[in-house]
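Asker: Top line first, the protein sequences correspond to chains A and B.
Once you know that position 210 of the first sequence is 210 in the working numbering, the rest is easy, because the numbers rise by one and skip nothing.
Once you know that position 14 of the second sequence is 1014 in the working numbering, the rest is easy, because the numbers rise by one and skip nothing.
It is worth saying that the hints were derived from the structure and are not from the lab.
Mimicking DMTMM-like on lysine to aspartate or glutamate, the simulated pairs with C-alpha atoms at most 20 Å apart in a straight line are:
id, chain 1, residue 1, chain 2, residue 2
1, B, 1045, B, 1077
2, B, 1004, B, 1214
3, A, 45, B, 1115
4, A, 273, A, 157
5, B, 1004, B, 1077
6, A, 4, A, 99
7, A, 4, A, 76
8, B, 1273, B, 1190
9, B, 1045, B, 1115
10, A, 273, A, 160
11, B, 1045, A, 115
12, A, 45, A, 86
13, A, 45, A, 84
14, A, 273, B, 1024
15, A, 45, A, 106
16, B, 1273, A, 27
17, B, 1273, B, 1152
18, A, 4, A, 217
19, B, 1273, A, 24
20, A, 4, A, 44
21, A, 273, B, 1027
22, A, 45, A, 115
23, B, 1273, A, 20
24, A, 273, B, 1020
All of these numbers come straight from a predicted model, not from anything done at the bench.
Protein chains: 2
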Amino acid sequence: MSSKTPILVDEARPSTFEVDAINERGETVATPIAGEHALTLYLDKRELLTLMTLGAAPAHLALGYLRNQRILRSIDDIASVQVDWETGSVAVTSRSLAEHGTAIWDAAGREALDERLERRTVTTGCGQGTVFGDLMDELDRIVLPGGARLTEETLYEVMDRVRRHESIYKVAGAVHGCALCSNAGPERGDILRFVEDVGRHNAVDAIAGWMWLEGVDGGDKIFYTTGRLTSEMVIKCAQMGIPFLLSRSGLTQMGWDIARRVGITMIGRCQGKHYLLFTGRERFVRLPTTAFA
Amino acid sequence: MSSKTPILVDEARPSTFEVDAINERGETVATPIAGEHALTLYLDKRELLTLMTLGAAPAHLALGYLRNQRILRSIDDIASVQVDWETGSVAVTSRSLAEHGTAIWDAAGREALDERLERRTVTTGCGQGTVFGDLMDELDRIVLPGGARLTEETLYEVMDRVRRHESIYKVAGAVHGCALCSNAGPERGDILRFVEDVGRHNAVDAIAGWMWLEGVDGGDKIFYTTGRLTSEMVIKCAQMGIPFLLSRSGLTQMGWDIARRVGITMIGRCQGKHYLLFTGRERFVRLPTTAFA
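Please construct the entire structure, taking both the sequences and the accompanying hints into account.
Answerer: Written out as C-alpha cells, the structure reads:
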C-alpha cells in the first residue's frame, strides 16, 4: 500500500428502520423506511456543510464531495478521513495540517481555496453566478475517450445486473442508487460498486470518492443511476472520467447540453429492453439481432 | 393592495424542449425533455447561491428559498423581487436598501443575519452542525392545528385532482411536482397552486414563496408532493404551517421523526386507493364505506 493512502475510519449506519403505518383497509402494516442521518463535514476543523445521508458510505461520500466540488484536487492532499456517528461528523484532515500544522487553505499556493470555501454558494448546481465560468472552463478541459464503445448487449447486461442487485430501494423505497460498472473484458457489465443514498447526488459522490481513493480510472467504465440526468449528474459523471451515463429516468435540457459539450454518451429511460440514446451516439453499437424466440 | 406588497418582476422559462433520441429499434424519436436553467439569487446585491430550476416560478422560488432558509422573516422586509433571464438572476431588494440605502444585514437588529449568510453551510438539510440546534428550536415553536381533520374522501379527491392535472411530468418526465390543496369548505380537495421543478425542494420553495407573498395560511390546507418525504420536505411543510403532508413516494426515518415531533399528519405511498398513514393519525378520518360496486 502506498504510504500516501489516507487513513480511513469509516462506519455505516443501519440502512432501514421499521415503523408502523395504517393502510387503506385500516390494517397496521410494519413498514421498512430508509435511514437518514445528518453528517457534518469538517475540513481541517472547519465546518463546511451538513449532508443528509443514508449513511452507507460516509467516508467515501466526504471524499467524493470534496472532489466533485473541486475543493481538493489530489488524493495526496489528504491524511485522514474519520467518521464519528456519535457526533454525526466526518473530519477530513489534510497532510498540510497533519504533517506541518498548517490548515490547507493557509498552505503555500492555496490562496484560492480559502476564497472558494467562503464563496461556496453553489448548492444544487451551478450557473451564471461566479462559480459557473470556472466550472465550464474546467469541463472543457475534460477529455473523455472518444474510442470507447458500449454495445447494446452490455447495456442490457448492466440493466439486468442492476435489476437483480439487492437493494434498500426494494425493501424501503425512498432512496436513489448508483452503480459503477465495468466496460472491459470478461467482466463487462459487472457492477464494481453500488451505492444508495437518500439523495442521488450523495450516491454519486460516494462512488466518486471511492474511485478517487482507490485510483480507479473511469474511461473503461459505465455509470448507471436511478436518478434523473440533470446538469449536476452529467457534470459529476464527466468529472469521474466516465464516457457512458445511463439512467432509468429522464433528463433535463441542461443535462443534455452539457452531455453534448463534454462528449458523454447519455442513455435515458432505460427499462427492460427499452432505452433512448440521446448524445454521444457514435460510441453506441447496436448489434444485429439473431432470431432467437 | 397593501403598499407593503413587494414589487415582482417575474418571467417563466419555456418548460419543455424537444430533442431527438434513438430507441431500441433504431428509430429516431422526437423526445420532450424538461428545461433546466441556472438562476442566481442575489439579496441586496450579494450573491447567495445558484439554483437549477425548471424556471416556472422563479420569483416565488426566490422568496420561498429566503423564507425556508430563514434568511428573512417577514414579507414586509422585501421591496422587490426582479427576475432577469438575460443574466440568469433574481435580485431581491430589501426595504432597508430601497428606502434607506442600507443593506439588510447592516440594518439595526440584523447582526445575526450577516453571520447566518456567511455560515450558510446547510445545503441538503441540517444536522448536528451549528445550524441544527437553531432549526430544531424553531421547529419546536411551530404549532400546527391539532383539530384539523382530513377525511379519506378528501385524500382521494386530492389524489384524483393531481392525477388529472396537466403537467410537464406527463410530457417530459424528469420533474417533481407539488400541489397546495384546500381542506376547507366546498372547494375541499381543489388544487390552489401547482408547481413543478427539476428539484422537489425548489417546487416546495416556490409554493412557500407564493403563500408568503399572498399571506396564505397553511392551517386549512393539504400539501402533496411527488417527491420523497425526507427531513427537509417535512421541515418545509411545517414551516408553511400545513398539517397534512401527502406523497406518492416513501419516507425516511428522519422525515418520520420530525413529522412526529412537529405534529404533522404524514401519508405516504399514495397511489390510487392505496396509502400508508404514518404519523398524526388522530387527524385522519376513515369514513365507513357504503357498498357501491
